[in-house]
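Going down the list, the sequences are from chains F and Y. To convert, note that position 133 of the first sequence is 132 in numbering that gives the first Met the number 0; the numbers rise steadily by one, no gaps. To convert, note that position 303 of the second sequence is 302 in numbering that gives the first Met the number 0; the numbers rise steadily by one, no gaps.
Hints listed in this document are in silico derivations from the structure and should not be mistaken for laboratory results. Worth double-checking, as some hints may not be accurate.
[Stated by the list, open to error] Covered by chain Y, according to a simulated footprint, are these stretches of chain F (three or more residues, beta-carbon under 8 Å):
(1) 2 to 9
(2) 15 to 25
(3) 35 to 45
(4) 54 to 63
(5) 67 to 73
Only a predicted model underlies this, so the values are computations on that prediction, with no experimental measurement involved. Virtual Cβ for every residue (Gly too), placed ideally from N, Cα, C.
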Amino acid sequence: MGSSIYTNYEEIAAVLLFVIGFLNLLIQPNLVKKIIGLDVMDAAIYLFLAAKGYIAGRTAPIVTDGILSADHYINPIPAGLVLTGIVVSVSVSAVMMALTICLYREYRTLDLDEILVMLQEQETAQLQRIQRDEREGRSA
Amino acid sequence: MSLIQNFPFFTIILSMFSGIISFILNGKAAKWLHLLMTAAVLVMSLVTLNWCMVNNVSYTFMMGHFPAPWGNEIRVGTLEALMAVFFALLMLLSVLGGIANLDRDVQDSKKNLFYSMLDLLMASLLALIYTNDLFTAYVFIEICTLTACGLIMIQKSGRNYVSAIRYMIMSQIGSGLFLIGLSMLYSVTGHLLMTPASEALAQLAKSGSFDVPLEVILILMTVGLAVKSGLYPFHTWIPDSYGYTTPTSSAILSSLVSKGYIFLLIKLFYRTLDFNGLENGKLLDILFVLGIVGMIMGSVDAIREDNLRRMTAYSSVAQIGYIFMGIGLGTTAGVEAALFHMVSHGAMKALLFVCIPDLVDVSGGRADRAGLTGAARRNRFAGFAFTVGAMSMVGIPLLTGFVSKYLFAAAATGALRTKMLTAWIALAISTTLNCVYFLRVVLAIYTPAPEKEALAEGAAHSPVERTAMAGLIALNFALGVASPPVVWAIRSGLSMFS
Chain F
0 MGSSIYTNYE EIAAVLLFVI GFLNLLIQPN LVKKIIGLDV MDAAIYLFLA AKGYIAGRTA
60 PIVTDGILSA DHYINPIPAG LVLTGIVVSV SVSAVMMALT ICLYREYRTL DLDEILVMLQ
120 EQETAQLQRI QRDEREGRSA
Chain Y
0 MSLIQNFPFF TIILSMFSGI ISFILNGKAA KWLHLLMTAA VLVMSLVTLN WCMVNNVSYT
60 FMMGHFPAPW GNEIRVGTLE ALMAVFFALL MLLSVLGGIA NLDRDVQDSK KNLFYSMLDL
120 LMASLLALIY TNDLFTAYVF IEICTLTACG LIMIQKSGRN YVSAIRYMIM SQIGSGLFLI
180 GLSMLYSVTG HLLMTPASEA LAQLAKSGSF DVPLEVILIL MTVGLAVKSG LYPFHTWIPD
240 SYGYTTPTSS AILSSLVSKG YIFLLIKLFY RTLDFNGLEN GKLLDILFVL GIVGMIMGSV
300 DAIREDNLRR MTAYSSVAQI GYIFMGIGLG TTAGVEAALF HMVSHGAMKA LLFVCIPDLV
360 DVSGGRADRA GLTGAARRNR FAGFAFTVGA MSMVGIPLLT GFVSKYLFAA AATGALRTKM
420 LTAWIALAIS TTLNCVYFLR VVLAIYTPAP EKEALAEGAA HSPVERTAMA GLIALNFALG
480 VASPPVVWAI RSGLSMFS
């Protein structure tokens, strides 16, 4: 059990990074830090996949010197998965950053907790206005 | 291979290309393209369903000429085709039912983008239903999330941005968990296709090695998809996202998007992770408990909510709880009931979300109960539609909600004794709570309010919306009266899974 720690250090690093990113995404109130957390989390998964695909002593599966035996090459599928995953996570981060910009323009802060408080205040003010209008409408 | 067997692939590619073409069209053309595309998907899915049911077979469809362990595949059977039919039908009716509101709520320059989002959402839902490849499933999960986010934030207001970012954060947590589970599954089995992966998993289970990693993979993937579909403790984004966007978006988000993830979860359980082996684990018990808690807490939150649309959104939390409760029963009958409830909740919720704005329009824009007093007298058709939807949610016979509850109660008899009793008690409590908050609104909208008669001027008279609402009402009755063929199709489709 203990000895596998030394052979699987990439996986351990990946899982630690995943947890760091995950907690940042979940707990940080700052939206930009949340997005950084998201990217760290995704990068951790790509590290995990890349580590799984690599086999020590072998090269990238591109035939240049005529060797066709699979024993000479590493597994290319995880690399393909990582590339696809990067495309996905880039688009997700882009959308979240765009949303963050919109939110900043609207509320002048990046703190999600503060934004939620402001939203609550807006809502209460709106409700009070409707109730006041109604009272005035009745008395008139 | 007959031409019909290609249809599922055609539906996915057709909706995806419609989405891309819509970017360069104007709003009106994009609308027509979307409606034609959804109708075409509906027809093709119906033909596929008919083909699968007549021949009583399922098949895998090779994408690009690479055979099984390497290439990408989609898998088609009765259940997949049935879900595709209902998703396309509900998408069509939700869009038509909110079309006048859409014209008002969405800026003209953004209309083609909105329809493009809907096309891509349809493509991703179809791909989630049909795919036999786990990584493809992940990619389409993300497309589904992004398009759903687009649907939430299409109305540019601070409130919608906040709900969109909350939705994105929760969804990304879910996808991250799903993706790391998927990577671990790949590293343990060496396969991404569901069929070879499940064979490899069966061998591993027999040898008894890798027990702990397999448990971890199972938990990660299940929790990831449960977070994304809004199971109880992860539901905080639901009321805001469903409550403030345009009615079509609310209807589609609540009746389709979360269902796509749950369907994928069920498919994973049956096709890869060995559902019958799951019975021994604690995971299903946890899903069962969370489902029950969701059923009750969702309804309690709905009772405390005064805004009608947010109340309906909280009721979605409760209904997602029903579905997970069905899965958590740990029997095939429970999963059948959950699948039926996915369809029937879609029909009910789409109807409710589509008719609520019409009631709000004749109440001077107010969505609280006091403001809505007498709304059904000012817009009789929308009032009737809301009443049908509400009755269906409560579970009045002849309507689809009754059949769902009946199936859940019947499925519980086959489960363990403690689960059976808990499920029955929870069903009873949840039905009572449903009665409280839905019938209270029905009573309010039929209470005469003479001082508000003048507001009836603002009533919407869009014939298209009314036809779509009539279609949804008919669907609610049809599923309630003629449920046996649907249940039979679900049963035979589920038996094809293993």
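Now for the hints, and whether the structure bears them out:
1. 2 to 9: violated (count 0)
2. 15 to 25: holds (count 5)
3. 35 to 45: holds (count 5)
4. 54 to 63: violated (count 0)
5. 67 to 73: violated (count 0)
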